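**Student:** Sequence:
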Amino acid sequence: MSDHDYNAEQALGLLMLKIRSRDAMLADSIQEAIDEGKDISETEPPGDRRQKPRSYRKTVPFTHEEALEVAIRALKAHFVEVPLFINSAVADFTYSAIGIPQQKQAVPLIGIDEPEIVVEQAQGEPKEIDMELQPETRLSGAELTPLRLKPISVDRIEEQKENLRRLSDMFEFDERDPDGNAQRP
0 MSDHDYNAEQ ALGLLMLKIR SRDAMLADSI QEAIDEGKDI SETEPPGDRR QKPRSYRKTV
60 PFTHEEALEV AIRALKAHFV EVPLFINSAV ADFTYSAIGI PQQKQAVPLI GIDEPEIVVE
120 QAQGEPKEID MELQPETRLS GAELTPLRLK PISVDRIEEQ KENLRRLSDM FEFDERDPDG
180 NAQRP
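In this text, residue positions in the sequence shown follow numbering that gives the first Met the number 0: the first is 0, and each later residue adds one.
Bear in mind the hints are in silico, worked out from the structure with no lab data behind them.
Possibly wrong hints are sitting among the right ones.
Calculated pairs, BS3-like style, for lysine-lysine (alpha carbon to alpha carbon, straight line, at most 25 Å) [claimed, not checked]:
#, residue 1, residue 2
1, K75, K17
2, K149, K126
3, K160, K17
4, K75, K160
5, K75, K149
6, K75, K51
7, K37, K57
8, K149, K160
Please read these numbers as outputs of a predicted model, since none were measured by experiment.
The whole structure should be built from the sequences, with the hints applied where relevant.
**Tutor:** And the structure:
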């Protein structure tokens with residue numbers, strides 16, 4: 000018997016409802032990941048003994064338990080992994096310098112390529128990083144406001160990790176024997 004008063008289908012429905020009430024775009028992307036299903040390999044036995052068995056791949060829907068795992072992984076990507084990537088990018092740009100070409104006083108000789116003198120500035124200073132959310136190949140003609148990447152505190156990321164761990168614990172539906180040991184049906 001499961002430790003919960005709900006099944007995986009009910010848990011998935013409630014989770015998606017809660018996510019949708021807070022962030023419809025996130026809920027849509029999680030639903031898309033769930034709707035993709037999983038690939039499996041199947042083999043058909045031969046019609047007669049002269050034929051070889053036929054193997055093929057097909058996409059099948061996730062079970063409710065698997066769909067919950069997909070949703071948890073998507074939430075982890077959104078609330079933990081993306082902030083870690085942002086923090087990494089912000090740190091990388093902080094330690095890089097911005098090169099500003101210095102004006103030359105004399106006109107260079109024809110045929111002689113002189114390297115431009117570059118003065119490095121802002122090394123070790125935080126930089127403002129803007130990211131376009133829609134690639135150029137998919138522009139709809141509307142002007143998009145870029146997303147400004149700002150560092151996220153490590154404490155906040157750790158808090159989200161703990162929240163996801165607790166959420167995952169709520170979605171464990173393995174059966175338990177009378178001694179409290181986990182059993183798979």
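**Student:** Which earlier hints can't be squared with this structure?
**Tutor:** Hint 6 alone not satisfied by this model.
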